[in-house]
Amino acid sequence: GAVVSQHPSWVICKSGTSVKIECRSLDFQATTMFWYRQFPKQSLMLMATSNEGSKATYEQGVEKDKFLINHASLTLSTLTVTSAHPEDSSFYICSARVQDISYEQYFGPGTRLTVT
Amino acid sequence: QKEVEQNSGPLSVPEGAIASLNCTYSDRGSQSFFWYRQYSGKSPELIMFIYSNGDKEDGRFTAQLNKASQYVSLLIRDSQPSDSATYLCAAKLVRGADGLTFGKGTHLIIQP
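Top line first, the protein sequences correspond to chains A and B. Following the working numbering, the numbering of the first sequence begins with 1 at its first residue and continues without gaps. Following the working numbering, the numbering of the second sequence begins with 1001 at its first residue and continues without gaps.
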């Protein structure tokens, strides 16, 4: 149980284009999902908290107009990187909370984004 | 002071020995603590969580929590080369984000 999938697993895009990453909870419903970014040899950095049916909460320093998050159902959250630049190249990982009374988070396999 | 601190390592342990990974946290009111394992190029995988003071054992893994000292540890018995990875300590802080706050991780190397 508690399986989270992400799609795509890797993507290469040109500078200035937009990329959408999907995060799905496969065997449970997740009212809360999280988006992280991890640069090589660095720690996980929380970008935003995604709540089903409401606006995402962004961490300080994360541009909400650049990283669009939509959590339209209890099993799907999407992250769209708009007008991507080479500095946005990173490993993007989502996680989902199994139930709201527990803080356990299960991670998706991650999406490696390369912007050329 | 960082909210969740870990020694980045690398920590080198001979195969078959006990690997001891440590973590401290700054938010005294924190209640929930987690250990994740992350292999290079992969996403983190939940190993254990602990909410109460004391020890919690699961197979070769033992998590230890001391809230008075604001200290969490993970022991890995009979270490195997496949245990070589980065181990992330995470806490649900009373203050701050709704999600977990992660330490930078300790890179563990099990020497065959």
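The set of hints was computed from the structure by calculation and includes no laboratory data. Incorrect hints may appear among the rest.
Said to hold, decoys possible - Chain B stretches covered by chain A per the calculated footprint, using a threshold of three residues with CB under 8 Å from any CB of chain A:
| # | segment |
| --- | --- |
| 1 | 1042–1049 |
| 2 | 1098–1110 |
To be verified - 27 Å max Cα-Cα, derived DSSO-like pairs, lysine-lysine:
| # | chain 1 | residue 1 | chain 2 | residue 2 |
| --- | --- | --- | --- | --- |
| 3 | A | Lys64 | B | Lys1067 |
| 4 | B | Lys1042 | A | Lys66 |
| 5 | A | Lys64 | B | Lys1042 |
| 6 | A | Lys20 | B | Lys1042 |
| 7 | B | Lys1104 | A | Lys66 |
| 8 | B | Lys1042 | A | Lys41 |
| 9 | B | Lys1042 | A | Lys14 |
| 10 | A | Lys20 | B | Lys1002 |
Note that beta-carbon positions come from the ideal geometry of N, C-alpha and C, so glycine has one too.
Hints versus structure:
1. 1042–1049: holds (count 6)
2. 1098–1110: Coverage by chain A holds here, the residue count being 8 at a Cβ distance below 8 Å.
3. Lys64/A <-> Lys1067/B: With a Cα-Cα distance of about 36 Å, the restraint between Lys64/A and Lys1067/B is violated, given a limit of 27 Å.
4. Lys1042/B <-> Lys66/A: 25 Å, holds
5. Lys64/A <-> Lys1042/B: 26 Å, holds
6. Lys20/A <-> Lys1042/B: 20 Å, holds
7. Lys1104/B <-> Lys66/A: Distance ~26 Å between Lys1104/B and Lys66/A Cα, so the pair holds.
8. Lys1042/B <-> Lys41/A: 12 Å, holds
9. Lys1042/B <-> Lys14/A: Holds, because 24 Å separates the two Cα atoms, which is no more than 27 Å.
10. Lys20/A <-> Lys1002/B: Given that 27 Å is the threshold and the Cα spacing comes to 32 Å, the pair is violated.
The earlier numbered hints that this structure contradicts are 3, 10.
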